[in-house]
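Could you put the whole structure together from the sequences, leaning on the hints where they help?
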Amino acid sequence: GEDVEQSLFLSVREGDSSVINCTYTDSSSTYLYWYKQEPGAGLQLLTYIFSNMDMKQDQRLTVLLNKKDKHLSLRIADTQTGDSAIYFCAENTGGSYIPTFGRGTSLIVHP
Amino acid sequence: KAGVTQTPRYLIKTRGQQVTLSCSPISGHRSVSWYQQTPGQGLQFLFEYFSETQRNKGNFPGRFSGRQFSNSRSEMNVSTLELGDSALYLCASAVRGPSTDTQYFGPGTRLTVL
Numbered sequence: 001g002e003d004v005e006q007s008l009f010l011s012v013r014e015g016d017s018s019v020i021n022c023t024y025t026d027s028s029s030t031y032l033y034w035y036k037q038e039p040g041a042g043l044q045l046l047t048y049i050f051s052n053m054d055m056k057q058d059q060r061l062t063v064l065l066n067k068k069d070k071h072l073s074l075r076i077a078d079t080q081t082g083d084s085a086i087y088f089c090a091e092n093t094g095g096s097y098i099p100t101f102g103r104g105t106s107l108i109v110h111p
Numbered sequence: 001k002a003g004v005t006q007t008p009r010y011l012i013k014t015r016g017q018q019v020t021l022s023c024s025p026i027s028g029h030r031s032v033s034w035y036q037q038t039p040g041q042g043l044q045f046l047f048e049y050f051s052e053t054q055r056n057k058g059n060f061p062g063r064f065s066g067r068q069f070s071n072s073r074s075e076m077n078v079s080t081l082e083l084g085d086s087a088l089y090l091c092a093s094a095v096r097g098p099s100t101d102t103q104y105f106g107p108g109t110r111l112t113v114l
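These protein sequence lines are chains A and B, in that order.
The opening position of the first sequence corresponds to residue 1 in my numbering, with each subsequent residue numbered one higher.
The opening position of the second sequence corresponds to residue 1 in my numbering, with each subsequent residue numbered one higher.
Simulated from the structure, these hints should not be mistaken for lab results.
Careful: at least some of the hints might be erroneous.
[What the hints assert, rightly or not] Dumping the calculated BS3-like pairs for lysine-lysine here, alpha-carbon to alpha-carbon at most 30 angstroms:
(1) LYS57(B) to LYS70(A)
(2) LYS36(A) to LYS56(A)
(3) LYS56(A) to LYS70(A)
(4) LYS36(A) to LYS70(A)
(5) LYS57(B) to LYS36(A)
(6) LYS36(A) to LYS13(B)
(7) LYS13(B) to LYS57(B)
All values reported here derive from a predicted model rather than from experimental measurement.
This is the structure in C-alpha cells:
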C-alpha cells in the first residue's frame, strides 16, 4: 500500500471550515508538509510541522499531528473559493532520503 | 529572493523525439530534484542532484536522465519519447537536500507527446 494516504476529494461551502486528512506509515518521519497546487501550477509550500510538535497555526491554517495514530490534518478556517486546489501531504523520514507524497486531495469550494 | 524557475513552461513533441527541460533553483540552493506528475500515478520522484552529482534516482527507465551544472542549474532529458511521457514535470530545490530541508517547487513544464 501507499506510504502516505489521503482522500481524493473534499467539497465544502464557502465560509465553512475544511479539514483535509492524511495518514502515513513511517514512524520515523521528521517533517510533515502540506503543499497546495492550483490548476496548471507547481506545488506551493503551505506549511510544515516538525514531528516533535502536535499543532501549528498559521493564520487560517491549523495543522494537527497525532504521532500515535500517524495522522496529520490540515484545517482551513473560513474557506474561500480561492482555496480550491489540490492539497498534498508529504513526509520526510530518516530512513528514506526522498520525501513521500500522497496522491493529493482536491478541495472544491462552492458558493 | 526569486523562486524556482523552469523553462519552457509548455512543450509539444511527437513520439520518438527527445526533449530537454531546464530548472534554475533558488539562489543558494544546491539540491535539485525532479518529479513527474500524472493524473494516474500522482507525483513520482525521478532523481536528485547535489553539487553536480546524482545522489538518488527513482524507478524510471534509462531514457530519463539529468545533470546539474556548477551554478546548481539542472536539466533533465527524455529520449525516444513515448505517449505515456506526457506529464507535468516539476523541479524542486532545497538548500542541502530534501531529507533535511524544505523543498520549494517550480511551476513545472507541461510536456505533451503526440
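For each hint, the structure was consulted:
{"no.": "1", "hint": "LYS57(B) to LYS70(A)", "verdict": "holds, 27 angstroms"}
{"no.": "2", "hint": "LYS36(A) to LYS56(A)", "verdict": "holds, 17 angstroms"}
{"no.": "3", "hint": "LYS56(A) to LYS70(A)", "verdict": "holds, 16 angstroms"}
{"no.": "4", "hint": "LYS36(A) to LYS70(A)", "verdict": "holds, 21 angstroms"}
{"no.": "5", "hint": "LYS57(B) to LYS36(A)", "verdict": "holds, 25 angstroms"}
{"no.": "6", "hint": "LYS36(A) to LYS13(B)", "verdict": "holds, 29 angstroms"}
{"no.": "7", "hint": "LYS13(B) to LYS57(B)", "verdict": "holds, 25 angstroms"}
Figure legend: structure checked against the earlier numbered hints; every hint is met.
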